[in-house]
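Colleague: Quick mapping for you: the protein sequence lines, in order, are chains X and D.
Just so you know, my numbering puts 752 at position 38 of the first sequence, and the rest follows in order with no gaps.
Just so you know, my numbering puts 346 at position 342 of the second sequence, and the rest follows in order with no gaps.
Please keep in mind that the hints were generated in silico from the structure rather than gathered at the bench.
Errors might be hidden in some of the hints.
The calculated EDC-like cross-link candidates involving lysine to aspartate or glutamate, where the alpha carbons are at most 20 Å apart (straight line), are [unchecked claim]:
1. D/K654 x X/D740
2. D/K161 x D/E175
3. X/K800 x D/E26
4. D/K28 x X/E838
5. D/K654 x X/E838
6. D/K9 x X/D740
Reference listing, derived: stretches of chain X covered by chain D, where coverage requires no fewer than 3 residues with Cβ under 8 Å from a Cβ of chain D [to be verified]:
7. 755 to 761
8. 777 to 788
9. 806 to 815
10. 823 to 831
11. 839 to 845
Backbone N, C-alpha and C fix where the C-beta goes; we use that ideal spot for every residue, glycine too.
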Amino acid sequence: MYNDVRFKLNGKDMIYTGDPLRRLLDVLREDYSLTGSKEGCGEGECGACSIVKDGELVTSCIIPVGAVNGCELLTIEGIRDTEKGKCIIDAYAEGGAVQCGFCIPGMVMATYCLLNKNPNPSEEEIRVGISGNICRCTGYDLIVECIRLAAEKGASIWNK
Amino acid sequence: MSVTKIGDRVKRVDAVQKARGEAKYVCDMTFDDMQYAYMVRSTVPRGKILNIHLPELPEGYYFISAKDIPAKNELWMIAKDWRCFAEDYVLYVGETIGLVVGPDRGVLKDLKSKIVIDYEEQIPAVSIDDGINCVGGPMFPEKNSNVMCELFCEKGKPMDEVFAEADEVFEETITTPYQEHVHLETNSAIATYEDGKFVFYASAQCPFYIRKSIAGLLDIPYGDIIIRQATTGGAFGGKEHFPDVLCGALLVAENVIRKPIKMVFDREEDTQFSVKRHPSKCIYKTAIKDGKITGVYGHIYYNCGAYLSSSYVVLQRGVFHANGVYTFPNTYLKGEGIGTNTFPTCAFRGFGAPQTLFAIETHMDHIARHLGVDPLDFKKQYLCKQGDETTTNGHIIEEVKLPEMLDVITKESDYYRKVKEYTPGCGKGIGIAIYNHGGAFTGNGEQAIIKAHSRLVKKGDRVTILVGSTEMGQGFKTSLRKICAATLGISIDDVDYPDPDTSKVVDSGPTAASRSTMIVGKLVERAAQQMKERWDEGDFDVEVEYEHPEGYPWDQATFRGDAYLGYGWGVACVEVEVDKLTNEVKTTGIWSSHEIGKAIDELIVHGQINGGIIQSLGYGSMEKLENRKGFFRQKSMSDYVIPTSMDFPKQFYHIQENPYPWGPYGAKGMGELVFNGASAAFVDAVERAFNTKFNSIPIPPEDIEEALKNVQ
Chain X
715 MYNDVRFKLN
725 GKDMIYTGDP
735 LRRLLDVLRE
745 DYSLTGSKEG
755 CGEGECGACS
765 IVKDGELVTS
775 CIIPVGAVNG
785 CELLTIEGIR
795 DTEKGKCIID
805 AYAEGGAVQC
815 GFCIPGMVMA
825 TYCLLNKNPN
835 PSEEEIRVGI
845 SGNICRCTGY
855 DLIVECIRLA
865 AEKGASIWNK
Chain D
5 MSVTKIGDRV
15 KRVDAVQKAR
25 GEAKYVCDMT
35 FDDMQYAYMV
45 RSTVPRGKIL
55 NIHLPELPEG
65 YYFISAKDIP
75 AKNELWMIAK
85 DWRCFAEDYV
95 LYVGETIGLV
105 VGPDRGVLKD
115 LKSKIVIDYE
125 EQIPAVSIDD
135 GINCVGGPMF
145 PEKNSNVMCE
155 LFCEKGKPMD
165 EVFAEADEVF
175 EETITTPYQE
185 HVHLETNSAI
195 ATYEDGKFVF
205 YASAQCPFYI
215 RKSIAGLLDI
225 PYGDIIIRQA
235 TTGGAFGGKE
245 HFPDVLCGAL
255 LVAENVIRKP
265 IKMVFDREED
275 TQFSVKRHPS
285 KCIYKTAIKD
295 GKITGVYGHI
305 YYNCGAYLSS
315 SYVVLQRGVF
325 HANGVYTFPN
335 TYLKGEGIGT
345 NTFPTCAFRG
355 FGAPQTLFAI
365 ETHMDHIARH
375 LGVDPLDFKK
385 QYLCKQGDET
395 TTNGHIIEEV
405 KLPEMLDVIT
415 KESDYYRKVK
425 EYTPGCGKGI
435 GIAIYNHGGA
445 FTGNGEQAII
455 KAHSRLVKKG
465 DRVTILVGST
475 EMGQGFKTSL
485 RKICAATLGI
495 SIDDVDYPDP
505 DTSKVVDSGP
515 TAASRSTMIV
525 GKLVERAAQQ
535 MKERWDEGDF
545 DVEVEYEHPE
555 GYPWDQATFR
565 GDAYLGYGWG
575 VACVEVEVDK
585 LTNEVKTTGI
595 WSSHEIGKAI
605 DELIVHGQIN
615 GGIIQSLGYG
625 SMEKLENRKG
635 FFRQKSMSDY
645 VIPTSMDFPK
655 QFYHIQENPY
665 PWGPYGAKGM
675 GELVFNGASA
685 AFVDAVERAF
695 NTKFNSIPIP
705 PEDIEEALKN
715 VQ
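Take these sequences, add in the hints, and give me the full structure.
Modeller: Written as structure tokens, this is what we have:
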């Protein structure tokens with residue numbers, strides 16, 4: 715028998731009772747059907763599986779679920795209908811940040827983390843903020859522009 | 005709702021769903037009683053299979069192999085040489101030998117690890133030179149060679165005459181490497197059996213290709229196989245033919261098991277065991293008389309790996325682009341596709357053109373410096389013009405806008421001031437590359453081979469586009485709906501374009517060769533024009549077929565004639581600063597201009613330009629994929645490194661209009677064009693900053709160090 719792993723997932727209290735060594739990404743995708751987080755590399759390099767853990771951006775593919783006991787987790791499903799989430803997603807759609815889309819939920823999570831910490835980032839700060847998220851389609855320029863757009867359009871939200 | 009016009013800025017139809025994490029890629033799909041499959045692959049590059057020792061398989065677990073194929077063990081890409089499952093012998097590391105299939109992935113991984121295969125190993129041919137020299141014995145004993153495919157084209161006088169009359173012949177060899185696609189979504193497919201049909205959900209560019217390729221395994225009619233494209237997370241050519249390899253194996257398994265079977269490659273599998281860009285070796289001999297080029301001889305080798313896949317067509321495109329954007333009075337260009345014991349190479353954005361375009365641009369830079377003139381001024385003398393004879397004895401049909409584009413780019417980048425200021429070896433450099441890309445299939449291929457169809461269905465005030473062309477991130481769902489809506493005079497929101505299902509849509513040809521907007525877009529425009537005339541007739545369908553413009557002959561047997569009716573044209577300029585202690589290169593500026601006829605959607609085109617240029621800069625600077633003794637040395641995203649948001653600065657881009665008479669609203673292809681030049685511009689800039697010469701890419705700091713040592 716395994717010890718319970720208790721954590722808050724998208725605002726809900728969860729008790730996980732399975733193997734604590736399973737990857738957090740697999741538990742999110744398979745046990746809780748939260749398939750917005752993607753597996754791009756499985757080794758923490760690409761950021762497609764990015765989620766927010768206690769306010770920090772992490773790659774869920776290299777975290778064993780046992781390591782999130784007592785933590786607060788946010789996935790794309792947890793932010794997409796919030797004011798902040800909608801602000802980012804609308805900006806991404808308006809400014810052409812999305813191509814194949816596979817990296818985008820992770821990129822949205824990185825943007826969420828960045829703007830929470832720095833509501834008015836410079837281009838350089840944006841590039842640093844998403845440097846752990848690989849995109850093969852866009853060459854990043856339009857993603858960077860969309861993050862600026864989200865910062866500007868949502869100035870009142872991010873400065874709260 | 006308002007009427008959509010081509011110039012309108014629209015939101016991509018798929019953007020919100022993807023950003024919300026709601027789009028369903030194959031990895032996100034589940035079925036009741038779902039089984040999983042893992043590939044069992046060869047672990048030696050060349051050898052005979054002596055024995056396959058299987059562990060005891062628990063009930064409900066299967067090992068599927070060539071023995072389970074009821075008909076022919078062949079996939080039909082261009083030829084039928086690629087075996088679905090290797091039996092008796094293997095030709096490369098990673099060749100599929102079997103599948104383990106069953107309900108529990110942990111059990112399957114354990115079973116897979118316990119399968120032991122005995123081989124009698126043979127010496128592999130790995131590099132192009134190995135292949136030329138038939139290392140380990142010829143792969144094609146009947147020909148006593150490893151040459152898989154070859155062609156040549158010639159124009160003007162025989163080259164021996166040209167060389168004899170020349171003051172000098174400038175000769176050099178330029179090589180380009182493997183490149184891995186790294187579409188963020190790995191290769192994946194699910195096979196199911198529904199209502200008596202084999203149904204596949206696939207991450208794929210070309211649903212109809214899959215159907216054609218795999219039907220022969222069971223000897224069943226195409227109609228018994230249905231391919232449904234799932235949301236596809238990037239492809240870049242990597243999902244043009246390669247999905248056949250997954251779906252073929254799954255079809256054989258599905259025929260036995262008749263339950264949903266899912267196969268998703270992990271990144272290590274995708275990096276080591278999927279198709280790649282062809283490595284190339286280009287030998288150029290250029291005749292110079294009175295400081296002018298009088299003829300160019302090019303001998304081009306591509307490493308095709310063990311099976312042909314699309315290599316012959318890739319090689320043709322490589323040869324047809326081997327003169328770059330220049331008209332030379334005399335040319336002889338020869339291409340040979342070399343078989344080796346490595347993973348087959350296949351389509352990758354540019355489809356053979358990037359290799360030779362890199363080579364000729366770099367070669368031209370080297371000749372210019374050898375002659376002591378500015379490379380750009382040197383190149384400008386040879387820019388091709390409308391009416392010029394091409395290397396295939398056809399003609400440049402369109403007006404070439406390169407001079408105007410060069411004016412824009414040299415002004416925006418301040419090229420001429422910087423060229424003067426940045427003396428060779430000063431640590432700063434600026435480089436420029438000029439390139440093109442022939443749109444759609446070569447010659448009359450669209451008419452002779454593809455015969456594309458498009459169908460529009462009107463129901464009430466809504467119109468549905470039924471074509472086999474796929475969205476893989478490039479934005480085609482949005483562009484095509486825009487063409488349809490603008491032509492009909494309705495809103496883009498009233499046009500639907502569902503993901504292709506081969507049982508429901510017509511075959512509009514592969515989503516490849518930068519042909520979708522140019523060819524399928526035109527078909528939809530034509531269908532929409534017909535529909536508009538009959539709009540008040542109620543609900544009806546319109547179907548149209550491709551028609552090739554008359555008066556542009558092409559002979560596929562001799563490769564003579566008009567290879568392409570229209571090219572996209574490009575200019576890329578890159579500026580760098582180098583650290584002479586560490587040899588690190590910082591790119592400080594990127595400028596580009598592209599002539600694509602007409603941008604159907606400027607935002608989508610902007611995204612394509614940015615992405616293509618960064619992929620090209622990755623190719624030139626950092627993406628190192630080496631094969632040693634048949635094994636790829638780089639195995640994942642931690643050792644095969646692609647650009648991040650920190651590696652390159654914001655780009656300046658310019659779009660040059662030049663309406664193309666046979667494209668929708670004047671549009672031509674552009675998806676591949678934007679890849680074709682930036683790597684050469686980058687290398688040109690780095691050469692100037694260090695005052696050295698590179699004859700191969702990529703040039704990460706360790707390779708620069710080597711090159712500098714060799715010069716000293």
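Colleague: It remains to establish, for every hint, whether it holds in the given structure.
Modeller: A quick look at each hint next to the structure:
1. D/K654 x X/D740: Outside the cut-off at roughly 36 Å; violated.
2. D/K161 x D/E175: Holds. D/K161 to D/E175 sits at ~19 Å (cutoff 20 Å).
3. X/K800 x D/E26: holds (14 Å)
4. D/K28 x X/E838: violated (33 Å)
5. D/K654 x X/E838: Roughly 10 Å between the alpha carbons, so the hint for D/K654 and X/E838 holds.
6. D/K9 x X/D740: violated (45 Å)
7. 755 to 761: holds (count 5)
8. 777 to 788: violated (count 0)
9. 806 to 815: Check passed, 10 qualifying residues.
10. 823 to 831: violated (count 0)
11. 839 to 845: That given contact holds, which follows from 5 residues of the segment 839 to 845 of chain X lying within Cβ reach (below 8 Å) of chain D.
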